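A.B. asks: UniProt numbering applies: residue 1 is where the sequence shown begins, and numbers increase by one.
Take the hints with a grain of salt, since some may be wrong.
To be verified - Computed Cβ-Cβ distance ranges for the label pairs, DEER-style:
| hint | residue 1 | residue 2 | range |
| --- | --- | --- | --- |
| 1 | D148 | K118 | 45 to 53 Å |
| 2 | A99 | L69 | 34 to 42 Å |
| 3 | K115 | I35 | 22 to 30 Å |
| 4 | D68 | N89 | 34 to 42 Å |
| 5 | K163 | L125 | 14 to 22 Å |
| 6 | Q119 | L144 | 39 to 47 Å |
| 7 | R164 | Q47 | 14 to 22 Å |
| 8 | E104 | D68 | 17 to 25 Å |
| 9 | I35 | F103 | 16 to 24 Å |
Think of the hints as simulated: they come from the structure by calculation, not from any bench.
Only a predicted model underlies this, so the values are computations on that prediction, with no experimental measurement involved.
Glycine is no exception: its CB is placed at the ideal position from the N, C-alpha and C atoms.
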Amino acid sequence: MQSVLINMKLKAIYPGTFDPVTNGHVDIITRAAKIFPDILVAVANNQAKRPFLPLETRIQLVEEAVADLPGIRVLGFDNLLIDFVLEQNAGIILRGLRAVSDFEYEFQLAGMNRKLSKQIETIFLTPSENFMYISSTLVREIALLNGDISQFVPSCVVRELQKRQGEHGTSKNI
Numbered sequence: 001m002q003s004v005l006i007n008m009k010l011k012a013i014y015p016g017t018f019d020p021v022t023n024g025h026v027d028i029i030t031r032a033a034k035i036f037p038d039i040l041v042a043v044a045n046n047q048a049k050r051p052f053l054p055l056e057t058r059i060q061l062v063e064e065a066v067a068d069l070p071g072i073r074v075l076g077f078d079n080l081l082i083d084f085v086l087e088q089n090a091g092i093i094l095r096g097l098r099a100v101s102d103f104e105y106e107f108q109l110a111g112m113n114r115k116l117s118k119q120i121e122t123i124f125l126t127p128s129e130n131f132m133y134i135s136s137t138l139v140r141e142i143a144l145l146n147g148d149i150s151q152f153v154p155s156c157v158v159r160e161l162q163k164r165q166g167e168h169g170t171s172k173n174i
């Protein structure tokens, strides 16, 4: 039992919609990989958020973005996060905090997750300064208005969004 708990505590789940994955997400994953030997990036299939990219595409883009990092796996999920974390035998939910406004929401989520399972801890990491202002929402808005997103996202995301804009007959200047 003791070794199971130790292994659970070393396994972290980094959940999000990653719609699309940004350099800020990759920064958090890269830095977390120095702390946790086993990280599972959990791509949420949250239809209430009306995702811009399909789940399979988001999973593929995250996989590409972290391909060079050892110990990182990527899976989609569509159930309650705490249930997914327990199914994966993880002990940690890893969350990124960009600003004070993120903290309030994340603090509530962490509290609720603690109520649902006392054995799961939530750990917060802040992104490096270069990435504090980046959000998937802002990236989508810039891309939809044909702005250059290349400094905010991995190159695989730029290619995917250019391909999608080309398919929809809009400018490819992103």
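A.B. asks: None of the hints should be skipped; say for each whether it holds.
C.D. replies: Results for each hint:
no.: 1; hint: D148 - K118: 45 to 53 Å; in the structure: holds, 46 Å
no.: 2; hint: A99 - L69: 34 to 42 Å; in the structure: violated, 26 Å
no.: 3; hint: K115 - I35: 22 to 30 Å; in the structure: holds, 25 Å
no.: 4; hint: D68 - N89: 34 to 42 Å; in the structure: violated, 25 Å
no.: 5; hint: K163 - L125: 14 to 22 Å; in the structure: violated, 31 Å
no.: 6; hint: Q119 - L144: 39 to 47 Å; in the structure: holds, 42 Å
no.: 7; hint: R164 - Q47: 14 to 22 Å; in the structure: holds, 19 Å
no.: 8; hint: E104 - D68: 17 to 25 Å; in the structure: violated, 34 Å
no.: 9; hint: I35 - F103: 16 to 24 Å; in the structure: holds, 20 Å
In summary, the numbered hints that this structure violates are 2, 4, 5 and 8.
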